[in-house]
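Chemist: Chains as they are written, first to last, in this note's numbering: chain A, 5 to 335; chain B, 744 to 1065; chain C, 573 to 1024.
If you are wondering where the hints come from, they were derived from the structure by calculation, not from laboratory data.
Some clues are possibly wrong.
Lysine-lysine pairs mimicking DSBU-like chemistry, simulated, CA-CA at most 30 angstroms apart [claimed, not checked]: (1) A:K145 with B:K1060; (2) B:K779 with A:K145; (3) B:K871 with A:K231.
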Amino acid sequence: MSSVAPADLPIGRELADGEAIELADSEPGTKTARVKKRLTSRTATIASIIIAVVWTIPTFGLLVSSFRPAELIQTTGWWTIFQNPGFTLENYQNVLFSASRSSPQLGAYIVNSIAITLLGTLITLVFASMAAYAFAWIRFKWVNWLFIFVFALQIIPLQMSLVPLLQIFSTWLRPMQAWLHDVVPIIPEQNYLPLWLAHAMFGLPLAIFLLHNFIAEIPADVIEAAKVDGATHGQIFFRIVLPLATPALASFAIFQFIWVWNDLLVALIFSGGTQDVAPITQRLAELVGTRGQDWQLLTAAAFISIIIPLIVFFALQRYFVRGLLAGATKG
Amino acid sequence: MTTADLLGKILQVVMGLAIFAAVVGLLIFFIDKAPKKGRDYWQLGLFLLPAMLFVAIGLVYPAIRTSFLAFQDNSGAWTLDNFIWMFTQPAAIRTLINTFIWVALAPIVSTVIGLAYAVFIDRSRGEKYYKVILFMPIAISFVGASVIWRFVYEYRSGGREQIGLLNAIVVALGGEPVQWMQTDPINTILLIVIMIWVQTGFAMVLLSAAIKGVPTEQIEAAQLDGTNAWQRFRNVTVPGIRGALVVVFTTISIATLKVFDIVRTMTAGNFDTSVVANEMYTQAFRASEIGRGSALALILFVFVLPIIIYNVNVLRKQREIR
Amino acid sequence: MRLTRHRRWIGPVAVAAAAGLALTACTGDIAQQDAADTDCADYEEYGTFDGAEVTVAGTILDLEADRLVESWADFETCTGITVDYQGSSEFEAQIAVLAEGGNAPDVGIVPQPGLLNRLADGGWLIPASQPVVDNIDEWWDPIWKEYATVDGTVYAAPLMASVKGWVWYSPAEFEENGYEIPQTLDELSALSDQIAADSGRQPWCVGLESGDATGWPGTDWIEDYMLRLHGADVYDQWVTHGIPFNDPQVAEAFDAVGAYLKNEEMVNGGIGDVSTLVTEAFQTGGLPILDGECSLHHQASFYETFWNPEGGDANTVASDGTVFGFLLPPANADDPLSVTGGGEFPVAFRDAEEVEAFRHYLSSDTWANNRVSLGGVVSANKGLDPENASSELLVQAVEILQDPETTFRFDGSDLMPGAVGADSFWKGIVAWVGGESTPQVLDTIEASWPAS
């Protein structure tokens, strides 16, 4: 990952203070050090494998079950799959290809989900990082209190916001959407806009809180040096803060992506639930039937809907880079 | 979906991106062109403007409305009945205690396991595959997760074949199957396990990002001083990620206070497992008693106050250091 | 450097877009029905609307939703109105939010009179137009109109209906042992004892688990007994809080039900002891009858579709089939037939001619016959030909609903305020079968009844 290397920065490594000694050969030289390293890593390996296994077993059970017929799922444990063989792709088939008159196509829903998630994540990320930067690096007396206030907003249950926000959208946004539909007829009257805005609104307090911490920990010297060099806040934000906060941005992006992707409530309330806008979660939720009789389809549905979040997770791994702050320590 | 529909959708996204980029560009333009007089003030305002606008509309206004609703009955008359009802219903005390147990256990356990795992797998080969294992529970939709845990906690009476993993283990060890979700107090603990299962991944991903920000030089210097791994972890890594630890712990605490779907889907709040958030959801959206729901939402806010005060202190110290 | 970062983003996006396109292609468009094939004579009275659209939402999902949509396909073709249905299991929780926020669908199919009341109180509903009201008067028992009336205004005609209080049994087992269908509640009790003595196992199997609604099948038991033991007037007082929930008459109904649900001799056949009532899903609660491990199961007519959990029709529902149902008998043999049941009401949120035309159609006997012919449900519409019902049991249900002698009462928990009917009553049942005493549970439920 070279694109955000600190070489871009207007400051150099000379800022490193005495504590951080540059080590040309950082290999653990002595025998004892090597032994210790191996020992801890063996315990660490065992411990992490145990955690990994414990965490995976429940999900693995679901995976196995998703390939079993409903009757077997309900009468025998998934771990007995070899004693009670029965392999079927029916669950997946039903989820993917059962075209019903009331909700004909999965494709439309997947496109909607991608569209909603893309901007629902991006808007939150950009606005939150701007606010987090201001909270962390622009000094005013009351700004800390404002930050505390914003972070405390996390406790407001989303459900309590639905009615007032929907009223605002119905009054102000709906006429705009209708107008857009008149001008560009292929854009339906129920479009993604309210969902993007709603997801951004609900995601911001947590986003600001998370990013603020990481952005605040950028060494002051780095920012000060840039200011001395005459950089504006806009330049500092884009050239220094965003690149240095990449791991934090990437981790929050992953979470916001997942929350928006898995959301059903916001989508149903603000989209009106039509095929023009509704995400895949809505389609999956109705598969179970009026009285929940087909719940076994949820096993397959869970794995189908997790594919894209996993792709995003792996794609963003490259931004988890070490040592962005190498050479600069806290002043 | 016809091709025209698809084009319409793509067009929406493209337009959305373009407008969004234009808005951000314009903001940055004005930030850089801010008047010299009171420059920092202007820039601060512009950096905060979009987020504050969104938050004000989407959360502050609804929060104020909720506070008013808590003191009204269904016909809109002012009353304290919602609060009286809340504290006089038989399960009230138990609900409060349960909420407290949730907040006491879930954040700390998730953070500790998440941290340990993040440290263990740091720099290991296949780190991202290790990560994805803990990450899966967050990525899986909640409906999926509720089915997953049904396969763990499901109960079948003695003679029948167990389909719940936990009871299968108990029976294999020669025990009698247990009705996990119906047995107090183990049921609350087992519900909290689900929360921990979900949230540990959250902690792990964020803490892992923070660990990568700890300067390697410091660790290497400590290594040269002959410290062992535990000492390096205690004295270098933990101080280096203290901020992230507070953030993760706080976030999970708040999420724990708000979580209701675990309780709803697993026990519906029966068998002494209810928590405040579940009661809030039930009253406001199932029972159409919006006043009672709002009153419960205010109680949640009281619960979060200690967490906020703790963060104020942390923030103050952080500022002092700088 | 910027360029490379952009390219990394473009890759996944392009892949995703391509995948989306592929999915669109492979699921394809549903062909529009050809207007020329349809006989539009029945639909002339609704008029024609060019390009009008009506959005509908409700709790009905999957297969049943498909049939619902099919039931108005001809109406769409002939009137030119496009009806767009969206089902959601969260509909009941969300419709009030959508209505208050001004984003409600044109028509909401509300399954509870209590919810209809609340929506009407909020001032969000459009009263039913005259043709709809005329249809209600013509085709329905007056009690149905009452359920859709708030402060003298009629808001909707009923849609479908279900009859509750069936007791499912195995005809073969009954014949083999010479059991007779009981004619009174006492005979039912005697029969239960006899089966228990003959078979040496519990005669009843019960499943009360239903996720966040766990306990509701128990409320059906109580409602059936309230209506049969104390009659329609007391029942009406009970659901409107004319008598308190902890009234001795309610306690009597609870204790009569408790003789089964809280009795180790009676439940839970094929499943376990009394404690398994709350762990067994209502969907599978009756299935032990198929294995001969249980003889009786109390559940509404919709349970018909649950006898073949694997799909298909290996287990037939008929008086000479694998399983069948008899209606929970009255308290005395000469009491008039009283049944509890449920139904839906399509309420309107938008005042428009096409919406009323659609609701007018739904309230007609044409629609009732169309929908019932597609199978699985019945309607209380008196213009419905019972022979259109898809099974022997449903034919019986239609006849019961159309019989002028029948006293029909809506499921009580759907009439009570949500705080009771969708919360404390369910939870009360769970606590009660879990061992709490009847007075204790009734006091708790009574305390939860909202003041206003």
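Chemist: Determine for every hint whether it applies to the structure shown.
Modeler: Cross-check of the supplied hints:
1. A:K145 with B:K1060: Distance of about 15 angstroms is within 30 angstroms: holds.
2. B:K779 with A:K145: Distance ~20 angstroms between K779 of chain B and K145 of chain A Cα, so the pair holds.
3. B:K871 with A:K231: 37 angstroms, violated
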